Every structure is written in C-alpha cells, then in structure tokens.
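Going line by line, the protein sequences match chains A and B.
Here my numbering = 1-based position in the first sequence + 19.
Position 5 of the second sequence, counted from 1, bears residue number -14 in my numbering, the numbering being contiguous throughout.
Calculated directly from the structure, the hints in this document are not laboratory data.
For clarity, every value in this text was computed on a predicted model and none was experimentally measured.
All C-beta atoms, glycine included, are put in the ideal place defined by N, C-alpha and C.
Please note that a few of the clues may not be correct.
One side of the interface only, derived from the structure: several residues of chain A facing chain B at Cβ under 7 Å [stated by the list, open to error]: (1) LEU70; (2) LEU187; (3) MET194.
One letter stands for each residue in the lines below.
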Amino acid sequence: MTEINDLARIITGCKGGDDKCFAQIIDMYASRCYGYFYRLTGNNDISDELLSELFVKLVEKIGSYKGGSFESWLFRIASNIFHDHLRDKQRRKKLLKSQVAEFESGTIEPKQSDGELTDKLQIQLGKLDGDTRELIMLRFYSQLSFKEIAQIRTEPIGTTLAKTHRALQKLREYMEG
Amino acid sequence: MDDRNHENLRELFEKFFDAEQAESCVENIRKAEQFFRDHPAPEPDDMLIANIKAEIAMRLQGSRAHRIRRIIYEVVGAAAVIIFVAAVSLQLFLKQDTPQNGDYIQASIIPTEIWEGDDITIDDDNLAVFTAQIEQIEEEVIALQSGKETGNGDSTLTELEMELIEINSDFWKG
Chain A
20 MTEINDLARI ITGCKGGDDK CFAQIIDMYA SRCYGYFYRL TGNNDISDEL
70 LSELFVKLVE KIGSYKGGSF ESWLFRIASN IFHDHLRDKQ RRKKLLKSQV
120 AEFESGTIEP KQSDGELTDK LQIQLGKLDG DTRELIMLRF YSQLSFKEIA
170 QIRTEPIGTT LAKTHRALQK LREYMEG
Chain B
-18 MDDRNHENLR ELFEKFFDAE QAESCVENIR KAEQFFRDHP APEPDDMLIA
32 NIKAEIAMRL QGSRAHRIRR IIYEVVGAAA VIIFVAAVSL QLFLKQDTPQ
82 NGDYIQASII PTEIWEGDDI TIDDDNLAVF TAQIEQIEEE VIALQSGKET
132 GNGDSTLTEL EMELIEINSD FWKG
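Looking at chain A on its own, in the form it has when it is part of the complex (with noise of 0.2 Å):
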C-alpha cells in the first residue's frame, strides 16, 4: 500500500515537472525496461536507444497518465516504441536490397554487440516469431496481469493466454532440448 502512494505521489512531482521525481521513476524502472528492449533486440546499443527513448516519451506524455496501472501504462508506450523502431528498422532493411531476405523472414537475430556474450536464453527466443517473443517478455519483464497483457494487445485474452502457452511449450522445449 505504502509502495502504491509513494508511486502517486513520485507520478504527482513528474506531473509537476520535478525531475527528481522522474529520476525515481527511472531508477524504479530502468532494469526491466532495459531487459525488455533487449531480450526483443538482442542488442545493447539499440537497447540503450529505446530505453532513453522511453523515458524521453515519459517526460512529453506523463500528463496523459489518468491513473489505473503506471505499469501497463509504461510498458504501453515501451511496446509502441519497439514497434515504432522494428517499423523503422523494415523501412531502412527496403532500402538495402541486398538485406530483403532477412527482411522477409521477419525475424530479429540475436546479434553479438561490442564483444558481449550472447546467452542461451537469448538465443532461445530469436528462434520465436517476433509477437510471441514480445508477448513473453510483456509477461516477463512488465509484471503485468494477462488480462493487462491483452489489453495492451488489444486481443481478447483467452488468444492472449493460448499464444502464452504455445510460446511456452516451445521455449521450454528448445531450452531443455
């Protein structure tokens, strides 16, 4: 409950424009967005992208927030901007012909950035189509409800929960396998 009015009252001051109220939130925030944008990207540099991003976006639409769950809320705006940036990415991937295979396949490849280590789990869920991997970090990463998880996908949630559990059985198969 306490956790419930510190987060109104950090989202009052952000409404106020107190950016040490935003810093809060950020540092609330921050790690499970950050595994978010990367388990769907694979990649650092565009994580660190979409995570500033985010939060620049938080600071322009705070003021739309009318209450109910920050969490599906954020994690709202997040899902929009991976998608704003998957859009972009086609957009970019048309204008090099040489890359229209990949392209097509429609899939994002875990890519190894800067020396990193890319982990099994990683590797895993490149082999998921692009809305499943994004449904189970939805699940993983936002805490969110399902029936919040289908709200954000604007899809009912008995298709929410089927898809859930496919992606699941998958996952689990090419983890153990």
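Once you've looked at the hints, dock chain B against the given chain A.
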C-alpha cells in the same frame, strides 16, 4: 499458484483449457520464470542512466523556461488587447459626447426647430410677416365684434377688407 499480480493462474487457464492443459500452462510459466532468473538480461549502464536523467532535467528546465516565456507573452498580449479596446472605447465615448463638425450634415438640412416644433413660420420670414399680419387683423376683427373699437365701424371694416385683399394678392405674387 498465485501470480505476482495476485492472479490465480490455474483458475484463469481453466476458464479456457481443460484441467490437464491448465496445469501444463502453469508449469510452463513457472519453468519460464526459472529460465529468466537463471539468465538475467544485462543491466543498463550507469552512465546511460545518468545521461537519461541529465537529458530529462535539461528538457524540464527548457520546458519551464518556455512555459514562463509563454505566460509572459500571453499576459503582455492580453494587456495590449485590453489597452487597445479601452482606448478605442474611450475615443468612441468622447466622440458621442462632443459631436464634431460634419457629423450631422444630412440631419442639418432640416433645422431641428422645424423638425421637432409645430411652428412652421420659423424658417420663412415672409410667412412670418403674413402670419403676424393675419393675427393682427384677427385681433382687430375681434375687437370690432366686441364693440371696443370707436368711430365709424363700416369704414373700419372696409379698410380691413382692403388690407386682406392686399395681403392675399401679395402672398400669391410671392
């Protein structure tokens, strides 16, 4: 199994799947959570977080300055409009109080005294003279009738008749 959001997953999945499938779903979620715990995603760099905070602080400062500037512009603009409206209103008000030359050119073709009064002789001297003479004759006739006049009454009446004929002919001559 209760979810982080106090969602009873078994109950939730059983609404859409049979008991065996629901059990399998819950087991898969538990297993996936274990995978994510065992393979944590990298944490964002401290420098990145510091940069984001600095950028946000800078943007907020910029937007505060912009907001203050906008308020000043709005206040100055509103004051200018008020002053302009007040000045125009005052000028119109003063104009109403002290009519200037030429303001009533059309209305002054007919003098106000004639327009508003019953005395039609006011703008015509000849008419005034005739009216005065007629009034004088009327008074004399009344005096004769009342017997105030002394002397020869017949000659007086004849004189009056002559005067009337003269006035009448003068009037028609213009």
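Would the hint on LEU70/A be counted as holding, given a Cβ-Cβ threshold of 7 Å to chain B? holds, 6 Å
Per the CB criterion, is LEU187/A less than 7 Å away from chain B? holds, 4 Å
Interface hint outcome for MET194/A [beta carbon to chain B under 7 Å]: It holds, given that the least Cβ distance between MET194/A and chain B is near 6 Å, below 7 Å.
Consistency note: the structure conflicts with none of the earlier hints.
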